[in-house]
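*Asks:* Single-letter residue listing:
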Amino acid sequence: MSEINHLNLSKNGLVFDPRTGESYQLNPIAQKIIVLFQSGKTSEQAAKLIADEFHISLEQAFSDILEFQVQLSIIGLAS
Amino acid sequence: MTKYSKPSIVKISNPLYTKHGSGAQSYHPVRDAIEGVAVDELVKKYGSPLFVFSERILRQKYQEAKSSIESVYPNVQFGWSYKTNYLNAICQVFHDEGAIAEVVSHFEYQKARALGIPGHNIIFNGPYKPEAALEQAISEDAQIHIDHFDEIADIESIAKRLNKKVKVGIRINLNCGIYPVWSRFGFNLESGQAWAAVRRIAQSKDIQLVGLHSHIGTFILDPHAYGRAIDKISQFMRETESLVGYNLEFLDLGGGFPSRSSLKGVYQPPEVVVPPPQVYAEAMANGLKWLTTRKNMPKLIMELGRYLVDEAGFLITSVMADKLLPDGRRSYVLDAGVNLLYTSTWYKFKIEIEKEPTGISEPSILFGPLCMNIDIVDEAILLPRLERYERLILSPVGAYNVTQWMQFIQYRPAVVMINEKSETRIIRRAETLDDINRMENP
Ligand SMILES: Cc1ncc(COP(=O)(O)O)c(C=O)c1O
Chain A
1 MSEINHLNLS
11 KNGLVFDPRT
21 GESYQLNPIA
31 QKIIVLFQSG
41 KTSEQAAKLI
51 ADEFHISLEQ
61 AFSDILEFQV
71 QLSIIGLAS
Chain B
1001 MTKYSKPSIV
1011 KISNPLYTKH
1021 GSGAQSYHPV
1031 RDAIEGVAVD
1041 ELVKKYGSPL
1051 FVFSERILRQ
1061 KYQEAKSSIE
1071 SVYPNVQFGW
1081 SYKTNYLNAI
1091 CQVFHDEGAI
1101 AEVVSHFEYQ
1111 KARALGIPGH
1121 NIIFNGPYKP
1131 EAALEQAISE
1141 DAQIHIDHFD
1151 EIADIESIAK
1161 RLNKKVKVGI
1171 RINLNCGIYP
1181 VWSRFGFNLE
1191 SGQAWAAVRR
1201 IAQSKDIQLV
1211 GLHSHIGTFI
1221 LDPHAYGRAI
1231 DKISQFMRET
1241 ESLVGYNLEF
1251 LDLGGGFPSR
1261 SSLKGVYQPP
1271 EVVVPPPQVY
1281 AEAMANGLKW
1291 LTTRKNMPKL
1301 IMELGRYLVD
1311 EAGFLITSVM
1321 ADKLLPDGRR
1331 SYVLDAGVNL
1341 LYTSTWYKFK
1351 IEIEKEPTGI
1361 SEPSILFGPL
1371 CMNIDIVDEA
1381 ILLPRLERYE
1391 RLILSPVGAY
1401 NVTQWMQFIQ
1411 YRPAVVMINE
1421 KSETRIIRRA
1431 ETLDDINRME
1441 NP
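Protein chains in written order, with my numbering: chain A, 1 to 79; chain B, 1001 to 1442.
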């Protein structure tokens, strides 16, 4: 997910894509996942960290992150 | 610590945001109880999906409409439009309030009779009245409103057979500035057809014309349409009375008052565009004045349907799945769809969520449970990210849904009534396989 390195993440959960000029609103979990991706974590690693932090199952975290990645690619923020 | 919720991301320029303002933080109407009974308790006890009716609202709507019309005309009789909702318990509430029955088929006629309504308290409308139904209605002195010339002949032949003179009304249709004109029911006024019907009946030895009926359409947002209709009917009534030589006994203006629902294509909210019944009554007042001076003031019959029952009905449905669509929209699969919400084709329901929302709102689409592409409950709604099994409360759904619902793919669910003491009871249980198989032969 290195494609998302260009995204500017602000503290209030807004993401700005300098390539397209579009802005996006993210909820706190989505913000965390973006930060994890930007720091080079794979989806499996991100799922483990999210599952531990929020006391949810690894399976749920992994499904949600996989779907989130699909969504990022649908809206053109990652390929 | 932040509570976990599924990751969500929403483009700020999404048209739904532009329309509703960019408050990305959720505001969404919440409802955790209906008439003081928790949604959670209702679902745990009776299951989901679940139709819920409020007896208090039924009675309140009835009394409000009745007293509004009575404030401009003292001799008013309401006829409960069975097709709008003919669950026995619902009909009972309106009969208890003083309504007679208004039916449009032999089935509905029989339903009213089974509820103990005598024939003379049944108005029999509709374009198709089979001979057996007419015969029963005539022998029980029901108030038949004739729809077409063939029906005049049918009634005459039954009257001869039963050796009876039958008192009837005729339905007339007219243009009072409402589009579409419901010109397929009854006799048309402007073309002279209604007058022809009066002349035809005036010649009959077996039938006596005693009243006029008109139902101009449904969800009529312009109260003055009733005023215009009354002016035309009044003129026609005068001409009729001078031909037959006696005063008519009733004038039936049908239904059509809107409920606070959102008709698709009407962009202002119902609170803004839907006038209360008093405004309709006032629009009718002038045209009715000439009748109030009569010694035997004719009865003014109203057959309000959706106005009386729509807002008393709620549908609780649960989110069964959360799914991202390939165009990026968030979608949810609900356990109730167009199989239960026939009126969703024309009306956009108010959708409340059971729990206080957290997180940002996303443009979402609500699908029903059918394996059919058309099963869409709401195609564009801004919703916070919903959790699985979370419940939504749809309203108003009391009119025309529990009569036009389909047993298609799914069973039809239970219907519960909440009385004025917040006690609940099942007024129609959920369907079972046995209910359906009982009618079949393998
Ligand atoms: C003859 C007649 N009366 C009453 C009604 C009830 O109409 P509404 O629900 O619009 O009040 C209808 C509905 O179509 C009708 O056809």
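Bear in mind the hints are in silico, worked out from the structure with no lab data behind them.
A few of these clues could be false.
Stretches of chain B that chain A covers, calculated by requiring three or more beta carbons in the stretch to come under 8 Å of a beta carbon on chain A [unchecked claim]:
hint : stretch
1    : 1003 to 1012
2    : 1319 to 1332
Restraint-style ranges between C-beta atoms, simulated for each label pair [as the list claims (entries may be wrong)]:
hint : chain 1 : residue 1 : chain 2 : residue 2 : range
3    : B       : V1273     : A       : I74       : 32 to 40 Å
4    : A       : Q60       : B       : L1115     : 48 to 56 Å
5    : A       : G76       : B       : V1272     : 36 to 44 Å
6    : A       : L66       : B       : R1438     : 40 to 48 Å
7    : B       : R1438     : A       : Q45       : 55 to 63 Å
8    : A       : G76       : B       : V1181     : 47 to 55 Å
9    : B       : D1435     : A       : S63       : 52 to 60 Å
Note that this is a predicted model, so its numbers are computed, not measured.
In this text, a Cβ means the ideal position worked out from N, Cα and C, and glycines have one as well.
*Asks:* Evaluate each hint against the coordinates.
*Replies:* Against the structure, the hints come out as follows:
Using a Cβ-Cβ cut-off of 8 Å, 10 residues of the stretch 1003 to 1012 of chain B lie near chain A, which meets the minimum of three, so the contact claim holds. Under the rule that three or more residues need a Cβ within less than 8 Å of chain A, the assignment of the stretch 1319 to 1332 of chain B holds, with 4 such residues. Between B/V1273 and A/I74 the CB atoms are about 37 Å apart, so this pair conforms to the stated range of 32 to 40 Å. About 52 Å separates the C-beta atoms of A/Q60 and B/L1115, a value consistent with the hinted range of 48 to 56 Å.
Restraint check, A/G76 to B/V1272: a C-beta distance of roughly 39 Å satisfies the suggested window 36 to 44 Å. In this structure, A/L66 and B/R1438 meet the distance hint of 40 to 48 Å, their C-beta atoms being roughly 47 Å apart. Distance hint check for B/R1438 and A/Q45: the Cβ-Cβ separation is about 58 Å, which falls inside the suggested range of 55 to 63 Å. For A/G76 and B/V1181, the Cβ-Cβ distance of about 51 Å falls inside the hinted range of 47 to 55 Å, so the restraint holds.
Taken as a hint, the range 52 to 60 Å is violated for the pair B/D1435 and A/S63, whose Cβ atoms sit roughly 38 Å apart.
When held up to the earlier numbered hints, the structure conflicts with hint 9 and nothing else.
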